[in-house]
Amino acid sequence: MNEVCITAAQTVTGLGTGVQALFDGMMAGNSAVAPVQRFGTARYISPNACCVPGLTADEDSLLYPLLERLLDGFPAVPADCRLLLASTKGPVDLMERLQRGEAVDPAQLTMERVLSWVGERCGTSGPALNVNAACASSTLALARAAQMIALGRCEAALVVCLDLVSEFVFSGFSALQALSPTRCRPFDKNRDGLTLGEGGAALLLMSRERARREGRPVLGVVAGWGAANDATHITAPARDACGLIQTVRQALSRAALTTDAIAAVSAHGTATQYNDQMELTALRALFPGRTLPVHSVKGAIGHTLGAAGGIEAALGLKCLEAGVLPPTVGLIEPDPEGVGFVSDAAQDIRGDYLLSTNSGFGGVNAAVILSRGDA
Amino acid sequence: MKAYLNGIGWVTGTGCGMGSHGGDQVFANRPLPALARRDVFAEPNQRFGRMSDYAKLGLAALAFALRDAGLEAWSEKRPFGVVAGTRLGCLATDLDYQRTVLLEGGGLASPNLFAYTLANCFLGDAAIQFGLTGSLLAVNETGSAGLGAIAMALDQLALKEEPVVLAGVCDLAPPEPLASVAEFLPGAAFLVLAEAPGPRCYGSVTVAADGGIACNGTSVGSMAQLIDAALKHNGISQQAENTEEGTTC
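Here the protein sequences come in this chain order: A and B.
Reminder that position 250 of the first sequence reads as 250 in this note's numbering, one-by-one numbering, no gaps.
Reminder that position 219 of the second sequence reads as 594 in this note's numbering, one-by-one numbering, no gaps.
It is possible that part of the hints are untrue.
[Stated by the list, open to error] Pairwise CB distance ranges, derived in the manner of DEER restraints: (1) B:P419 to A:S125: 14 to 22 Å; (2) B:E551 to A:E59: 15 to 23 Å; (3) B:P574 to A:R208: 39 to 47 Å; (4) A:R43 to B:D399: 50 to 58 Å; (5) A:E68 to B:T581: 36 to 44 Å; (6) B:H396 to A:D352: 50 to 58 Å.
[Claimed, not checked] Footprint (simulated), chain A over chain B, 3 or more residues, beta carbon under 8 Å: (7) 387-401; (8) 463-470; (9) 568-576.
Hints listed in this document are in silico derivations from the structure and should not be mistaken for laboratory results.
Just so you know, these numbers come straight off a predicted model, no measurement behind them.
Positions of the beta carbon are idealized from the N, C-alpha and C atoms, including for glycine.
Using the sequences plus the hints, can you model the full thing?
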């Protein structure tokens with residue numbers, strides 16, 4: 001098996017461009033939650049989301065200026081690199097415009113077009129695919145990229161994760177009564193729903209040997225990964241957390257680690273009643289009797305759907321490097337089950353491994369274990 | 376990596392089918408059958424009627440594939456994975472849902488329809504229906520006609536992630552705005568790939584170093600070719616049971 005290294009990471013979120021901006025913003029307790037200007041919210045249960053400031057597009061999807069920001073300044077990508085995208089809805093804004101009767105080329109609605117655009121922009125020539133596993137899309141894309149490198153199918157893989165705030169998705173979560181009327185409070189005793197966000201992440205993975213040969217910095221290592229389905233409900237998680245527990249155990253097994261090695265957790269933490277309860281149940285089962293730094297980014301940048309896991313992995317590398325896990329922005333009074341895990345203050349990371357997890361519609365759960373790099 | 380091909384199921388323009396029943400040409404340029412619960416499941420299934428057409432199509436093809444492999448019945452959840460390749464995913468459902476958003480400023484948006492606006496939604500239904508607890512995901516590919524999903528499934532088997540992975544394709548006919556720009560044969564077809572041969576094994580599927588897929592030693596360029604190679608290997612294709620109508624199961 002080849003060791004899988006992450007040699008470059010970039011993010012765009014409501015807190016700005018770059019992983020450092022995200023890290024600094026979260027350490028300062030900042031939040032990008034603000035009233036949505038992009039569409040009317042009068043009939044929805046929340047007026048708020050975390051949009052990327054200044055994102056505009058005349059004729060095309062907002063995805064492309066988002067991608068330009070994400071890839072501008074990103075290190076050169078090898079031509080033989082495999083490309084994996086992770087997006088749940090892709091250019092959904094174009095579909096909205098088409099349905100409103102505006103002139104939109106229907107061919108622009110497909111994920112194939114986004115894949116081709118990113119491939120041309122980055123100069124990759126091989127086969128490419130978009131992973132769609134709901135809110136675990138980018139974590140699964142990372143896992144599959146790591147899988148390909150581990151098996152020697154390729155030496156390098158670029159994972160690009162992205163999703164937009166759209167009325168399409170906003171209306172759906174509103175109809176499901178899943179939006180917080182104000183701002184999401186992950187793992188809070190009085191949490192009342194999620195806040196949507198948008199953003200992107202790009203991560204360049206390489207085998208250790210390829211990274212060494214090209215003189216690339218190693219920001220971190222994908223030590224393990226796992227994925228499992230609850231097989232319980234389409235939109236709600238399994239209350240006993242069976243899928244997430246199985247997922248984490250798989251990731252630990254792949255990394256040849258025990259739970260004792262995990263020094264911090266980047267949780268999904270959407271701030272819906274059921275998701276956060278499920279995650280706390282899993283953490284109590286996996287780490288019995290332990291205190292452990294756990295956080296969620298959703299109160300700071302919103303739930304970025306298919307991009308969430310990629311952004312959280314990029315941030316996780318920075319956290320390991322800094323030895324500190326930023327606060328859970330939005331948290332006021334922890335859920336009793338979360339005491340000893342989550343905090344509204346930054347927490348020190350005393351160890352080498354960070355566990356990052358996501359769960360989503362369709363009962364999906366995915367996890368990666370990241371270890372500190374040597375950059 | 377070599378995997379055993381233990382079951383094949385499909386719902387295409389030729390109707391509903393399984394490898395053991397044969398079929399000369401699985402994909403055809405004909406309308407897909409309008410699936411009813413009784414076409415797929417003998418027992419009542421309260422969920423099926425509420426699913427989107429895309430979800431029904433994918434779930435039905437998975438059901439036939441598992442049935443063909445003798446794996447449809449279960450008593451305990453199983454760590455089986457699924458990788459579903461799709462060109463357009465649930466775009467038809469998206470368009471239907473968006474029409475509900477346009478009414479009353481979004482106040483009439485349908486929560487049930489929204490739950491089916493993800494390309495992987497039918498995999499959640501399959502997980503519940505068949506007790507599948509592995510890694511279940513959908514992938515949009517560029518021009519490899521479902522073989523990227525097969526390659527990913529073979530990788531999962533190679534890493535011992537799961538003992539059984541179903542892989543295939545699922546696409547409705549392109550909805551009206553895309554009818555002229557997305558040209559492919561609609562339908563869903565899934566293969567049951569496993570690390571050990573099952574009672575009805577159609578041979579093997581392998582992935583080469585360059586990512587190319589072969590079935591029983593024959594290189595294939597699409598799911599249709601892969602299924603054809605599997606059925607020919609077992610001498611099944613000449614016993615085809617296709618009907619000319621092709622629009623009913």
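Taking the hints in turn, this is what the structure says about them:
no.	hint	in the structure
1	B:P419 to A:S125: 14 to 22 Å	51 Å, violated
2	B:E551 to A:E59: 15 to 23 Å	22 Å, holds
3	B:P574 to A:R208: 39 to 47 Å	43 Å, holds
4	A:R43 to B:D399: 50 to 58 Å	53 Å, holds
5	A:E68 to B:T581: 36 to 44 Å	40 Å, holds
6	B:H396 to A:D352: 50 to 58 Å	55 Å, holds
7	387-401	violated (count 0)
8	463-470	holds (count 5)
9	568-576	violated (count 0)
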